[in-house]
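Residue numbers (my numbering): 1 to 113.
Accuracy of the hints is not assured; some may be wrong.
[What the hints assert, rightly or not] Each pair of labels, with its calculated beta carbon distance range: (1) Y74 to K26: 21 to 27 Å; (2) D30 to T81: 22 to 28 Å; (3) Q61 to E31: 47 to 53 Å; (4) Q35 to Q61: 34 to 40 Å; (5) F56 to T81: 17 to 23 Å.
Hint data in this document are derived by calculation from the structure and do not stem from the laboratory.
Given the structure is predicted, the values throughout are model-derived calculations rather than measurements.
Just so it is clear, CB atoms sit at the ideal spot from N, CA and C, and this is done for glycine as well.
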Amino acid sequence: MPSLKQSIGSGKHFSKDDICFLMSTKITVDELFQQIEVALPEMVYCAVSSIGQNEFSVSMQNGLKAKLTIIVDYDEYDGETQVEYNRQMYSVYRTFVRDDGDIELYCEVRIGG
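Generate coordinates for the entire structure from the input sequences, incorporating the hints supplied.
In structure tokens:
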């Protein structure tokens with residue numbers, strides 16, 4: 001559901017006309033009492049931005065491979081560490097809460113996952 005908040009602050013405003021899936025997990029127990037982790041994707045509207053040169057350099061120095069920034073409404077984000085965008089799974093390595101009620105999710109692609 002779109003946010004009803006007014007836009008505050010003077011930063012860049014992004015049009016959230018794309019979709020991504022915030023991936024949370026739930027542990028269930030099967031009939032053999034084995035714990036099974038089930039992915040629960042939640043579709044949200046987002047805006048996608050490229051990683052700046054400074055962010056790319058800093059992330060490389062820390063052993064990360066920054067790919068993109070996904071901007072979603074702060075009220076829809078609940079600490080998820082995985083995001084699916086364009087059928088590609090990304091790991092959230094850093095977040096930034098903006099003044100306009102959105103949150104920036106800095107994402108990387110991890111090898112093998």
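* Asked: Broken hints, numbered, in rising order?
  -> No numbers; nothing is violated.
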